[in-house]
Amino acid sequence: MQLVQDGDPRAFEVVYDRHGGPAFSLAYRMVGNRVVAEDITQEAFLSIWRSRSRYQRERGSVRTWVLGIVHHRTIDALRRNFVHERRRTSAEGLEEREEAAELTEVEVVRRDEARTVRSALDGLPGEQCRVIELAYFGGFTHMQIASMLDMPVGTVKGRMRLGLDKLRRTLSGEAA
Amino acid sequence: MTPADHDRYADSVAAHLLGALPELEEQALARHVMGCASCRDEVERLRAAVDALPRSVTPLNPPRHLRRSIMGAVAAEAAGAGAEPRPTGLTRVRERIRSAGIAPRLRPVAAWAGAALVLAAGVVAGYGADELSGGDPPPDRRVAATVDESRLAEGSGALLLPGDGGPAVLSVQGVPTLPDADTNEIYQLWLVRGNERIPAALLSVGADGSGTATIPQGIDDADAVWVTRERPGGSRAPTERPVMSVSLG
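Top to bottom, those sequences are chains A and B.
Each residue of the first sequence is one higher than the last, beginning at 246 in our numbering.
Each residue of the second sequence is one higher than the last, beginning at -3 in our numbering.
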């Protein structure tokens, strides 16, 4: 990462090769549209290149930093273009077609990791999982979620907090 | 800072980490967290869960051209050339709209003819050369909108259907700015399939009376695209007759 921060484009290729897949996957999961996901990924990586000096190792991994920027960019796109009405079922169908036929070791590890986190999410009470997914992957604000689910904003915030806390404890192996 | 203020902010930490706070609330919370050790601890405690969320996503392979495009732009910037990145996807669609343009106050028939001329000129001029090389996708299709002149007297619009299967994009010109300070209404797009009215996108129109909205869903089996004026955030069903419509039949 030091080479990237020094402005070496070849070093940045390594960053893209390691994190481009998860970045594109996250954008695609959120917008459900391949073209829009490509646009967001491109904008995010150019932004990462331009702001490379801001990365601080002590604040988290490169992957967390990259995915955080992609997430923010995608939320911006969702709120700007309002692509909320995509169909999750058709998006899942596309995912199947886009998955690599041959898995590298890294891809196998990522799929295992995905299964673990999804399993932890599925273990949350349904209403907690729903508000977390609507917020994080749907890009909806707490007020929009409250309106959609016909519940007070305070309840939505409370379920977000309880859900994240339970997810954290599950993933860390901490007793509930 | 009263205990009640603190509790209010503390309740918003999870929403903040999930990106679910509106901008003003986000800014207020960020200021509070800077000066509140308890909330900083809560942020760090819950951050681990939020950081795990993107890892739940099914891994996909990005297209190879995306890598070329990004690295080309990065190399150009590193060399100080300042070259523009090769446009991908939606950027290409937006650029086509900009280069094709829609004349303000064009009525549907004239808009059709104008759009056809512009598209033909584009092909003759060779724009989109990569589309003309091997494996040409079908040409883009542009369908002019019919406008209710009693409510959008100066408006015009057209729907661009990219030949490469990208998302359809509606662009409008000469229509009143929405949302505005008085009503806070917004334009909402609908896909019409038989008797179904499916929310498709929201459209903001700026002070110059123009705007574009991308329709992420496939619209192959839709009969029409409607535009209505709705409450902020959109409605579940149209609350008025369309002010603009594009027939796809």
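Source of the hints: derived by calculation from the structure; they are not laboratory data.
Treat the hints with care, as some may be off.
Cβ-Cβ distance ranges computed for the label pairs, FRET-style [stated by the list, open to error]: (1) B:T142 x A:M396: 54 to 64 Å; (2) B:R227 x A:P370: 22 to 32 Å; (3) A:D395 x B:R4: 16 to 26 Å; (4) B:H2 x A:D321: 21 to 31 Å; (5) A:E372 x B:R227: 23 to 33 Å; (6) B:G214 x A:H317: 20 to 30 Å.
Each residue gets a CB set at the ideal place from its N, CA and C atoms; glycine is no exception.
Mind checking the hinted window 16 to 26 Å against the Cβ distance between A:D395 and B:R4? For B:R4 against A:D395, whose Cβ atoms are near 22 Å apart, the range 16 to 26 Å holds.
Distance restraint evaluation - B:R227, A:P370, Cβ atoms, bounds 22 to 32 Å: 31 Å, holds
Taking 21 to 31 Å as the stated bounds, is the beta-carbon spacing between B:H2 and A:D321 within them? Holds, since B:H2 and A:D321 (Cβ atoms, about 29 Å apart) stay within the stated range.
For A:E372 and B:R227, compare the CB-CB distance with the range 23 to 33 Å and indicate the outcome. 25 Å, holds
Verify the CB-CB distance for B:G214 and A:H317 against the hinted window 20 to 30 Å. 28 Å Cβ-Cβ, so the 20 to 30 Å window holds.
Distance restraint evaluation - B:T142, A:M396, Cβ atoms, bounds 54 to 64 Å: Distance hint for B:T142, A:M396 is violated at roughly 40 Å.
Hint check: a violation occurs at hint 1 only; the rest are consistent with the structure.
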